[in-house]
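> As given, the protein sequences belong to chains A and B, one line each in that order. Okay, so the first sequence: first residue is 1 according to this note's numbering, each after it adds one. Okay, so the second sequence: first residue is 1 according to this note's numbering, each after it adds one.
Please note that the accuracy of each hint is not assured.
Computed far set for chain B versus chain A, every beta-carbon distance over 12 Å [as the list claims (entries may be wrong)]:
1) Ala-77
2) Ser-301
3) Val-302
If the Cβ cut is set under 10 Å, some of the chain B residues that face chain A in the computed set are [stated by the list, open to error]:
4) His-39
5) Asn-96
6) Ile-97
7) Asn-116
8) Asn-117
9) Leu-120
10) Gly-137
11) Gln-248
12) Gln-250
13) Gly-261
14) Thr-262
15) Arg-265
The hints are simulated quantities; they were obtained by calculation from the structure and are not laboratory data. This structure is a prediction, so every number in the text was calculated from the model and none was measured. Beta carbons: idealized from backbone N, C-alpha and C, even for Gly.
Protein chains: 2
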Amino acid sequence: MAHPSLYVDALQYNNWSEEVFKQINAGGLSAIHVTICYHEDFQEMVQNVIDWNRRFEDYDDLIFLGKTADDVRTAKAQGRTAIFFGYQNCSPIEDNIGLVEICHQLGARFMQLTYNNQSLLGTGCYEANDPGITRMGKQVIKEMNRVGLVVDMSHSAERSTMEAIEISERPIAITHANPVFWHAALRNKSNEVLKALGESGGMLGFSMYPHHLKGKSDCTLESFCTMIADTADVMGIENIGIGSDLCQNQPDSVVEWMRNGTWTRDRDFGEGTASAAGFPAQPDWFKDNRDFSNLESGLRSVGMSEKDVAAVMGENWLRFFESSFGPVNA
Amino acid sequence: MAHPSLYVDALQYNNWSEEVFKQINAGGLSAIHVTICYHEDFQEMVQNVIDWNRRFEDYDDLIFLGKTADDVRTAKAQGRTAIFFGYQNCSPIEDNIGLVEICHQLGARFMQLTYNNQSLLGTGCYEANDPGITRMGKQVIKEMNRVGLVVDMSHSAERSTMEAIEISERPIAITHANPVFWHAALRNKSNEVLKALGESGGMLGFSMYPHHLKGKSDCTLESFCTMIADTADVMGIENIGIGSDLCQNQPDSVVEWMRNGTWTRDRDFGEGTASAAGFPAQPDWFKDNRDFSNLESGLRSVGMSEKDVAAVMGENWLRFFESSFGPVNA
Chain A
1 MAHPSLYVDA LQYNNWSEEV FKQINAGGLS AIHVTICYHE DFQEMVQNVI
51 DWNRRFEDYD DLIFLGKTAD DVRTAKAQGR TAIFFGYQNC SPIEDNIGLV
101 EICHQLGARF MQLTYNNQSL LGTGCYEAND PGITRMGKQV IKEMNRVGLV
151 VDMSHSAERS TMEAIEISER PIAITHANPV FWHAALRNKS NEVLKALGES
201 GGMLGFSMYP HHLKGKSDCT LESFCTMIAD TADVMGIENI GIGSDLCQNQ
251 PDSVVEWMRN GTWTRDRDFG EGTASAAGFP AQPDWFKDNR DFSNLESGLR
301 SVGMSEKDVA AVMGENWLRF FESSFGPVNA
Chain B
1 MAHPSLYVDA LQYNNWSEEV FKQINAGGLS AIHVTICYHE DFQEMVQNVI
51 DWNRRFEDYD DLIFLGKTAD DVRTAKAQGR TAIFFGYQNC SPIEDNIGLV
101 EICHQLGARF MQLTYNNQSL LGTGCYEAND PGITRMGKQV IKEMNRVGLV
151 VDMSHSAERS TMEAIEISER PIAITHANPV FWHAALRNKS NEVLKALGES
201 GGMLGFSMYP HHLKGKSDCT LESFCTMIAD TADVMGIENI GIGSDLCQNQ
251 PDSVVEWMRN GTWTRDRDFG EGTASAAGFP AQPDWFKDNR DFSNLESGLR
301 SVGMSEKDVA AVMGENWLRF FESSFGPVNA
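The following block holds chain A by itself, in its conformation from the complex (with noise of 0.2 Å):
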């Protein structure tokens, strides 16, 4: 193996192709957590597993299905990746909670329970008001807890968020985001979230997309690494990994569609600006997986111990997989 340590990056939504997953396997990543869903209901995310059945087909050199943590320490063995399907939306769950074991089955291991507006089951980020987690939330949530489909709240606004830790019987994830006190954005988090996060056993996913980070795509390697360093400190070392939100290769109507879908007739433009509607550039020490190397350096700098570097790098993860993507007593 090229890369001794063990990486995993609990998101991404790449234009998927061949250069993609040669550049994954020369990067040296052994599970990658990627989006499947952002506005699809159950039939349109079925299409896209079938999407993804294909492409494990065509290049079953590079990457599998990952369902278990066994899966990452196969991949890692095998020099191949371990994809984990997630959805940035319950949309796939429509208003069924039999559908939230239908898509487990399908390969699902994390479910946002809101992308960036209200859903069924709470409520996102760019909401001007936060109620918290709905009627039919605290019953979804019971039945992620039962089957081992894990509550990943990136997206979703304040209260939400501390709900749904407080209400979820099993850690849950933030597979995707930044802090507020490193770069104030709605998808970053307070340091009340990541402080009851880390306390009840979740996870937080370092994001590299440029809207989360401090000077956007001009941020430093060294400013990134002293933000994880310092998070650390926030909400505890076992507590983090890497995010990394990357879109590789994506035309800008994809982040177009993102953010509108189908619920409006104006235009919305989330992150960006009428004026910078399209994706914004990534750091140049961050353009693909690649450079995941890059980041192991750049904590190795900031002055994290290796056992600390490894921990975020991959370990907190592999540890997290382990707890989470099965029944409570399997």
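Dock chain B against chain A, hints included.
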């Protein structure tokens, strides 16, 4: 015509049959707003339209699909009944604002923004917290206003209802509910809502579903009609009508489905209780559509003028239909 007065009922959800249609005809109803959706998504709602299309074929001497106020006049002249479609939930538009116009094209004339729970658009009356109309809700109200689909807040929570009245550029309806001042219930409405509704030109339909009645199944006709007269004092005689919420011949499994749909694994009893989970018995003065004339007599008995009785029994709804079901400039 057996009935000189115009009768319009703004909400029924019966177990439809030849027997019921004959009672509707015998009762002299010229228009009924029927519910064709509680939890259905778009395609499931379309199947309900298909079922109604068969009924319109089979019983065209008694009923036909109503689309405009003129259809009510036609029905009255022909001794038939115009059936207007409505949804008690926004589930048929899923997360697609383009489906608002499609639903109108398929005959829908009323759509509740919420049933009892939080929806993508607003908050239902059984939620603990009500943050008001959502981002998507504001977009959808604008689109409903454009095409002539009436916003119905019968099952919505207080703040969402007040905001819908404020945001909607056309008068809205609460098709089936009663005032809290008469009978306190989560489904009944505060004087604040009633006043805002009246001042905006909106309509309230009085419900005879026993859980909404003072004394429930034992409610007297006199008490009900006195309440109607008192409500006229609060919100204006021109803004009230009947919305009986008649659910005739339905098995108890239907009310169980209304309450629980597929959103919960626990059992929700809604307005009922574990020991009285089924449909409650109708008051003896309103068993089916043949009892509409009892309401007319009852209103006269509490001293209401002939003109006001006619307004409540049907003329108010006819005027509201006239101004609500088409584009604004039609």
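> Interface hint check: Ile-97 of chain B, Cβ to nearest Cβ on chain A, cutoff 10 Å. Holds or violated?
holds (6 Å)
> Taking the closest Cβ pair, is Asn-96 of chain B under 10 Å from chain A?
Given a least distance of 4 Å, the restraint on Asn-96 of chain B holds.
> Would you settle whether the hint for Gln-250 of chain B is holds or violated, based on the nearest Cβ-Cβ distance to chain A being less than 10 Å?
Hint violated; Gln-250 of chain B Cβ to chain A Cβ min 21 Å, cut 10 Å.
> Do the numbers back the hint for Arg-265 of chain B, that is, is its least Cβ distance to chain A under 10 Å?
Arg-265 of chain B check passes; min Cβ-Cβ to chain A is 6 Å, inside 10 Å.
> Would you check whether Gly-137 of chain B satisfies its interface hint, that is, whether its CB is within less than 10 Å of any CB in chain A?
holds (8 Å)
> Should the interface hint for Gln-248 of chain B be scored as holding, given a Cβ-Cβ cut-off of 10 Å against chain A?
violated (27 Å)
> So, as I understand it, the hint says His-39 of chain B touches chain A; can you test that by seeing if any CB pair is closer than 10 Å?
holds (6 Å)
> Thr-262 of chain B was flagged as interface toward chain A. Is the shortest Cβ-Cβ separation under 10 Å?
Thr-262 of chain B check passes; min Cβ-Cβ to chain A is 4 Å, inside 10 Å.
> Identify whether the interface hint at Leu-120 of chain B stands, where standing means a beta carbon of chain A within less than 10 Å of its own.
OK, holds: Leu-120 of chain B within 10 Å of chain A, min 6 Å.
> Would you say Ala-77 of chain B is clear of chain A, with no C-beta pair closer than or equal to 12 Å?
holds (39 Å)
> Report holds or violated for the interface hint on Asn-117 of chain B, using the least CB-CB distance to chain A and a cut-off of 10 Å.
Hint on Asn-117 of chain B: holds, closest Cβ of chain A at ~5 Å, below 10 Å.
> Beyond 12 Å on every Cβ pair: is that true for Ser-301 of chain B relative to chain A?
The claim holds: Ser-301 of chain B sits with its nearest Cβ about 42 Å from chain A, beyond 12 Å.
In terms of the numbered hints stated before, the structure departs from hints 11 and 12, listed from lowest to highest.
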